[in-house]
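**Student:** Okay, here's what each chain looks like letter by letter:
There are 2 protein chains.
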Amino acid sequence: MNDKNLMKKAADNIRILAASMVEKANSGHPGGAMGGADFINVLFSEFLVYDPENPNWEGRDRFFLDPGHMSPMLYSALALQGKFTLDELKEFRQWDSPTPGHPERDLARGIENTSGPLGQGHTFGAGAAIAEKFLEARLGKEAMQHKIYAYISDGGVEEEISQGTGRIAGILGLNNLIMFYDSNDIQLSTPTNVVMKEDTEAKYKAWGWNVITCNGNDADEIREALKAAQKEEKRPTLIIGKTIMGKGALRADGTSYEACINTHGAPLGGDAYVNTIKNLGGNPENPFVIFPEVEKLYADRRNELKKIVAERHAAEAEWAKSNPEKAALLKEWFSGNAPKVDWSALVQKENSATRAASAACLGVLAEQVPNMICASADLSNSDKTDGFLKKTTSLQADDFNGAFFQAGVAELTMACMCIGMYLHGGVIPACGTFFVFSDYMKPAVRMAALMEVPIKFIWTHDAFRVGEDGPTHEPVEQEAQIRLMEKLKNHHGKDSVRVFRPADADETTVCWAMAMENVETPTALIFSRQNITKLPAGNDYEQARKGAYVVAGSDDNFDVILLASGSEVSTLVAGAELLRKDDIKIRIVSVPSEGLFRNQSKEYQESILPAGSKIFGMTAGLPVTLEGLVGANGRVWGMPSFGFSAPYKVLDEKLGYTGDNVYKQVKAFLAE
Amino acid sequence: MNDKNLMKKAADNIRILAASMVEKANSGHPGGAMGGADFINVLFSEFLVYDPENPNWEGRDRFFLDPGHMSPMLYSALALQGKFTLDELKEFRQWDSPTPGHPERDLARGIENTSGPLGQGHTFGAGAAIAEKFLEARLGKEAMQHKIYAYISDGGVEEEISQGTGRIAGILGLNNLIMFYDSNDIQLSTPTNVVMKEDTEAKYKAWGWNVITCNGNDADEIREALKAAQKEEKRPTLIIGKTIMGKGALRADGTSYEACINTHGAPLGGDAYVNTIKNLGGNPENPFVIFPEVEKLYADRRNELKKIVAERHAAEAEWAKSNPEKAALLKEWFSGNAPKVDWSALVQKENSATRAASAACLGVLAEQVPNMICASADLSNSDKTDGFLKKTTSLQADDFNGAFFQAGVAELTMACMCIGMYLHGGVIPACGTFFVFSDYMKPAVRMAALMEVPIKFIWTHDAFRVGEDGPTHEPVEQEAQIRLMEKLKNHHGKDSVRVFRPADADETTVCWAMAMENVETPTALIFSRQNITKLPAGNDYEQARKGAYVVAGSDDNFDVILLASGSEVSTLVAGAELLRKDDIKIRIVSVPSEGLFRNQSKEYQESILPAGSKIFGMTAGLPVTLEGLVGANGRVWGMPSFGFSAPYKVLDEKLGYTGDNVYKQVKAFLAE
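So the sequence lines, in the order shown, correspond to chains A and B.
With numbering that gives the first Met the number 0 applied, the first sequence corresponds to residues 0 to 671, in that order.
With numbering that gives the first Met the number 0 applied, the second sequence corresponds to residues 0 to 671, in that order.
Simulated from the structure, these hints should not be mistaken for lab results.
Errors might be hidden in some of the hints.
Where chains are identical, the list cannot tell them apart; a pair therefore holds if satisfied intra-copy or between any two copies.
Said to hold, decoys possible - Pairs of lysine-lysine residues, derived as DSSO-like cross-links and limited to a Cα-Cα distance of at most 27 Å, are as follows:
id	residue 1	residue 2
1	Lys488	Lys580
2	Lys241	Lys204
3	Lys277	Lys82
4	Lys320	Lys330
5	Lys648	Lys233
6	Lys233	Lys204
7	Lys89	Lys653
8	Lys613	Lys601
9	Lys230	Lys306
For clarity, every value in this text was computed on a predicted model and none was experimentally measured.
So that you can see chain A by itself, here it is in the shape it has in the complex (with noise of 0.2 Å):
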């Protein structure tokens, strides 16, 4: 056990280099990171197992932030890891420095997740927690013994997506989970008790957590509050921190700086900075400094490490050698790469609804991809991702060797929790709800797009052909929406989001198989809820590898292509046959994702789209989904509005989706 004084010492260090960051950035947040000094020591030098010399171990316990705006606390903790150099917290928030505003996914430092929009860090913590008893189940404690610790804070607790969190950790009974909340009581704009004076502990406990309080900045009381913590069996634990925001800081004029709304997003300034660092102990003019006790702190703490890693090593060595099978799945599942999955034995129903047809790739995925989990939002036999749920059985307290993720009506919520189980490693999470509801899911979306996490994301009812349930029920803006997903880049340079909205029942095999394959960026795969005619026969599949390709039965020697994604492919094909009556010729282009094929070389966008086509595209979205594939020279049949309550057919008709309005249009198009 460490000397308290010594622990305060360590403390104050965290403190003066987050302090410090911030005021040579004249830019970011101090007061948080000074209240929370005391719980990330306490955690980092005392209960954070990993492997300081293998920061991607497997069996590594995890720490997830969800502040991201108190990334000099963590930068600084780091450092004291050994994990970022003094030199490195000086280019805090600078162009290309690997401490950047809010902290940016990287295991070799540390860092679990992207943090910054609030709520999302725990619940990713709790989705890892997720995975943790997944492997466990499957492989057994001695691979997955490890604890999931989330930090929270006033305004993470406020945030909707808390609610889902703490529901789904209770009724999973997430004992692995350990979450600190660093209650300081002060926010960005004002006291917290303006806007919050729930009893939070009586909350989680109505979700069925394990809550002990203490003084967040006594190392001693969070000792003993996270000892109890890893003791308890069957319950999530959160730890009330009572935190003084900016602690230990001192006005300009010598007075107390503690507990300020000013210092939450601003740098102390001047004799502020300058009392606050001397109060610490600091000294202004050289303040990036690891004082030498809190060096020995930490270098005894990684000797520590090396001898507890060093057992757990040789417990997994000899786990590995009496488990072969089971070891070599650890390091499949690890690995990143993607599954081997074999296609060839499914036969897809003839003019099924894509739909129904992603259920029988789910069927498949889970009978071959065993570390492979689906959720739903409370809609499994609408989204059929019961076609996975057939095949297996819901996760549940106490027995996690189900792989569907039950997680009752919460989108965004079940989203960042599938991004948390990817996070943890070992995992492939797969998530479903109506289309519509993608709205919900954005602001995960573009996390895991930002983190490049290969979640996949499943979305039914993709269009107006919802029909009766109306206008709240029915996509339109939505795929031009995603799909700006697909234009925009990662930091690698590739498409952030891969979008699919295949046409028929075999094209969306295959589109489920890019989704697999796909390992380096989410995949979003949209699916109707109405039965499609199936394509026309003698149709080459494979060519939507390629995200747009040509319609078997098509005329090589065309007037017009006649272009469109999803269910809209299959309505012009009804036209093309009546204006083949017409002799004129058409040629259909199939077009799963528009940002696939801008992938391909010019000479192949080209034998698709050649320059100077008539191209007349057919979209259930809004008319700008297509307006870029069919050139200034084309023409696009769009829903220029909300959707209407009414069965799908009907609407087909009212809204000009049907064979004889294509023919109709074109006609009218190639006269002019």
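With the hints as your guide, set chain B onto chain A.
**Tutor:** For chain B alone, kept in the frame of chain A given last:
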């Protein structure tokens, strides 16, 4: 007090109608509607105060339905009120009927809100309760003394947003809000206890609510609960009513079909339907009937209401006589007309950030628009809604004299509550946060757009020029994303959202003026964090009212058009200075709203962007943001990827957002 058998008969009547609507449509959700019938019958026949002659009466109680899929219950109960004919019930979910799959706001028929996406409906209700208290504080108890009833289901309780609503309704002491929780233990996919085992009573108590439990299928218990709720003076009330899904339903074999998942989202079907209708006392051959005794129950209530309302109207008239100014305000505020605002005294500070210019506008509005409420999700000092706050105080329990709504960190809740304030009537709501977090609000933006609620969204920190906070806080795709709503028409053929991104401080004033004048659709206002150099002297800012216009100082006879919105316009101005030194003639076009520009005459559009012009666009968003404006021969300098953490002037250099780079790119463009 009504006889218990009669009350059951009336509820059974609702059950028969609801089940028959779904059966006839062969689509919909009978189970929940049948479970909730008892509550809605007690509420509508004994408690809800409305004017049968004037559905728009400002003083009416409001009923907000959250689970829109329970529309058959609502339509059937409203048919008993006389607001739907039986023939209209038969047209459930059919083209152009007044009974779409999910309810769509229709005051004349007693439908206060569109619903469908779970969680939003009850949040609208909480917002309406805020509006009622806000207006009561200004007009007095005589004018505003009504209750807001809300109805929530298991799914709504699970949705993340209900946490924001629970917290805020609690802290604001909304005792005028009475919410019935239809707790039937069954969801779409699973029994509720698979995904939720929380102690909901304890949770709402933790938020400061008054919680009452009752048998939700027992009229006497419901009545007692409602009475107790009406007496509550400090807290919102949650009535947890345990109900039986599919109450009274029988299977084809005559056994009970109650509490069964299958009745959630599909017709009862065939003999099950026949048996059920018989069991409930109806005639399967002729189910669309209102029983005579039920007709009398509602006729009696109508007579009772006429008396109640006559007394209220008399009291209102007396109040109006003694308070003619307040009465005039009430009339004006509920008129839906745009407030008169005198902007002439406002002098914007030169070269300020548009968020600061927005703060100045908000200061004017705080002084001149006494029925405006401005909100922020814990960012008032960053999103500069504090320009409003400085002229008023925050809403708080027992004191609604202020006009600022501190929502805490809960963007979606804030947006939905603001929508609810507008739905209540009498209030003009605005709400602010960072633009990147508009992602969290999209589901609410969509509902506001669909309902044509002219809420003002204030989104600041509009691009990578946020700087040090890095990619999680830097919107890139968001401008293109929200502008999709300018392309999506509402059901009155208008652009469903109006979006403005002004180029400098003075253009900000014009955009705010347009936002306040827009009473037809939501308006999004997108503002910069950083200072922006003022547009050239002599610029006619009023031209911004056309959506796009030529910025002063530009040449009429031009070689190239430089086009942008927001701060990029001033970057183009800097580039133009360099280009003019090379004798290149430049026109600069500012486009605060492409949608508004597209609503202008073809002649005007042609006068600004003549066909065949060479157009160079610059956007800090995705290039696609401007592609529709620059046309096939144009060129866009846009942001292709996520942003980066660094001071924004460094980013300007690194990413090419400087006058120098404009010069370089335009020269290259012209040389092609």
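**Student:** Confirm or reject each hint.
**Tutor:** Hints, verified against the model:
{"no.": "1", "hint": "Lys488 / Lys580", "verdict": "neither (44 Å within a copy, 36 Å between copies)"}
{"no.": "2", "hint": "Lys241 / Lys204", "verdict": "both (18 Å within a copy, 22 Å between copies)"}
{"no.": "3", "hint": "Lys277 / Lys82", "verdict": "within (26 Å within a copy, 73 Å between copies)"}
{"no.": "4", "hint": "Lys320 / Lys330", "verdict": "within (13 Å within a copy, 82 Å between copies)"}
{"no.": "5", "hint": "Lys648 / Lys233", "verdict": "neither (51 Å within a copy, 52 Å between copies)"}
{"no.": "6", "hint": "Lys233 / Lys204", "verdict": "both (13 Å within a copy, 25 Å between copies)"}
{"no.": "7", "hint": "Lys89 / Lys653", "verdict": "between (64 Å within a copy, 21 Å between copies)"}
{"no.": "8", "hint": "Lys613 / Lys601", "verdict": "both (19 Å within a copy, 24 Å between copies)"}
{"no.": "9", "hint": "Lys230 / Lys306", "verdict": "within (22 Å within a copy, 65 Å between copies)"}
Of the numbered hints stated above, those contradicted by the structure are hints 1, 5, listed in ascending order.
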